[in-house]
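J.: Listed here are the chains, written in short residue letters.
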Amino acid sequence: MTFGDGREYVDALPVFPGRYHPHAPLTGPALGDALRIAYVHARHHGRLLLRQSAPIHLRAPRTSVFTANAVPTRIAEATVYLPKAITQLQVEVIYRVWSVSEGTSSAHYVEVTNGTDTDTSSVIYSDVANPTPVAAWTPPELFWAGTPALRSLFTLTLDDVDDDQEVEISVYGSAAVRRTSAGQPYKAIMISVWGDTR
Amino acid sequence: MSKVAALTSLSPLAFAANVEVLEAEARAVLEQLNWAAGERPVVHFALGCGPAGYSSGAQALLNLLFPTASGYAERLHVPIILADDAVATVVGVRCYVSGSDQCLVRVTVGAAVPVVLTTFTAATNDDMHTATIYTNNSGTGEIAVTIEGNHSSGSADDCFIRMVRCQTTRIDALSLFDPQDE
Numbered sequence: 001m002t003f004g005d006g007r008e009y010v011d012a013l014p015v016f017p018g019r020y021h022p023h024a025p026l027t028g029p030a031l032g033d034a035l036r037i038a039y040v041h042a043r044h045h046g047r048l049l050l051r052q053s054a055p056i057h058l059r060a061p062r063t064s065v066f067t068a069n070a071v072p073t074r075i076a077e078a079t080v081y082l083p084k085a086i087t088q089l090q091v092e093v094i095y096r097v098w099s100v101s102e103g104t105s106s107a108h109y110v111e112v113t114n115g116t117d118t119d120t121s122s123v124i125y126s127d128v129a130n131p132t133p134v135a136a137w138t139p140p141e142l143f144w145a146g147t148p149a150l151r152s153l154f155t156l157t158l159d160d161v162d163d164d165q166e167v168e169i170s171v172y173g174s175a176a177v178r179r180t181s182a183g184q185p186y187k188a189i190m191i192s193v194w195g196d197t198r
Numbered sequence: 001m002s003k004v005a006a007l008t009s010l011s012p013l014a015f016a017a018n019v020e021v022l023e024a025e026a027r028a029v030l031e032q033l034n035w036a037a038g039e040r041p042v043v044h045f046a047l048g049c050g051p052a053g054y055s056s057g058a059q060a061l062l063n064l065l066f067p068t069a070s071g072y073a074e075r076l077h078v079p080i081i082l083a084d085d086a087v088a089t090v091v092g093v094r095c096y097v098s099g100s101d102q103c104l105v106r107v108t109v110g111a112a113v114p115v116v117l118t119t120f121t122a123a124t125n126d127d128m129h130t131a132t133i134y135t136n137n138s139g140t141g142e143i144a145v146t147i148e149g150n151h152s153s154g155s156a157d158d159c160f161i162r163m164v165r166c167q168t169t170r171i172d173a174l175s176l177f178d179p180q181d182e
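First to last, the protein sequences are chains A and B. The working numbering applies: residue 1 is where the first sequence begins, and numbers increase by one. The working numbering applies: residue 1 is where the second sequence begins, and numbers increase by one.
Chain A extracted, bound-state conformation:
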């Protein structure tokens, strides 16, 4: 159902009390207000499709990584039913990075496929401020638990993959030095994917 005016209703404006007064006739604006609030409610409650955590053991050593290569590797995957009217995926990755003391970026992207059609987001690069330097790799008893957690948030608009079917969602991540493109130790902590209607 559309309102036919091409507008996106993103604000849940309160319904004027007079419109639902016991003696008030049920008029179009009251119906429209109620429906718009239902729309806003639905659109602001994205459905969780994937959530995966990889808790860090307090003594997880630096060798405990998802990848140390520059090319993003798969850090989460799930085969789920994609509900009707889902038009985009919202992805959040919490992760940690070690690096040589140079400008370093993390890289993430998400891919969704039904086996025939595939939608892939662009690769999202995020600068890593003050990554724990590789020099700290010695002594080796320094652990992941002491490094700061970072966050990447991005979306994928569904184009080729339709809703109302079972799909496989994969999230990829890695980190690399910008100047040399040398891969750095990367560890994902929590990956979440929501389905949204926009």
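If you are wondering where the hints come from, they were derived from the structure by calculation, not from laboratory data. None of the hints are false.
Residues from chain B that face chain A, not an exhaustive set, calculated with beta carbons under 10 angstroms:
{"hint": "1", "residue": "Phe15"}
{"hint": "2", "residue": "Gln32"}
{"hint": "3", "residue": "Met163"}
Far from chain A by the CB rule (all over 10 angstroms, computed), these chain B residues:
{"hint": "4", "residue": "Ile80"}
{"hint": "5", "residue": "Ile81"}
{"hint": "6", "residue": "Asn137"}
{"hint": "7", "residue": "Gly141"}
{"hint": "8", "residue": "Asp172"}
{"hint": "9", "residue": "Pro179"}
Stretch-level coverage of chain A by chain B, calculated; a stretch enters the list once three of its residues show a Cβ under 8 angstroms from a Cβ in chain B:
{"hint": "10", "stretch": "20-27"}
{"hint": "11", "stretch": "40-50"}
None of the values given here were measured: they were computed from a predicted structure. Even for Gly, the Cβ is constructed at its ideal location relative to N, Cα and C.
Fit chain B to the given chain A structure using the hints.
T.: Below, chain B without anything else, positioned relative to chain A:
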């Protein structure tokens, strides 16, 4: 009144100032809201990768190993909260099986009778096998989802569950809750 869930449409003029609402318009809105409520299945958990024993690797897999001998052993036990209006829960599992071994997975949702999924072999490594458990068997509220593995044939130590998912199904119009006064 029969329960209907449908994608409906209304004229934009229906929302104009001082326009009286027709019965058909209120009905269209109700059917639309029913549709939106029914088409929102909930994912309780979906796991596909893990830190693979904290080792480094090209791709970390959810590495829930099957036992190396026959007999069921619990591999996952997750409490979920199943809403009162849920109709059914789908539990899907994907496994990696090596050689000519065969593995079984048994799924228990709440109070429902445990369901054994179709046998996993090396030929089904890309397939997700699912079981649909209805709420009138499992119960609602806080219930447990248990996934057990059984190495029914062979003893390789590299067979594992690599993906699990637990999701409620969409709710058909007839399964929607009745209005309280009806």
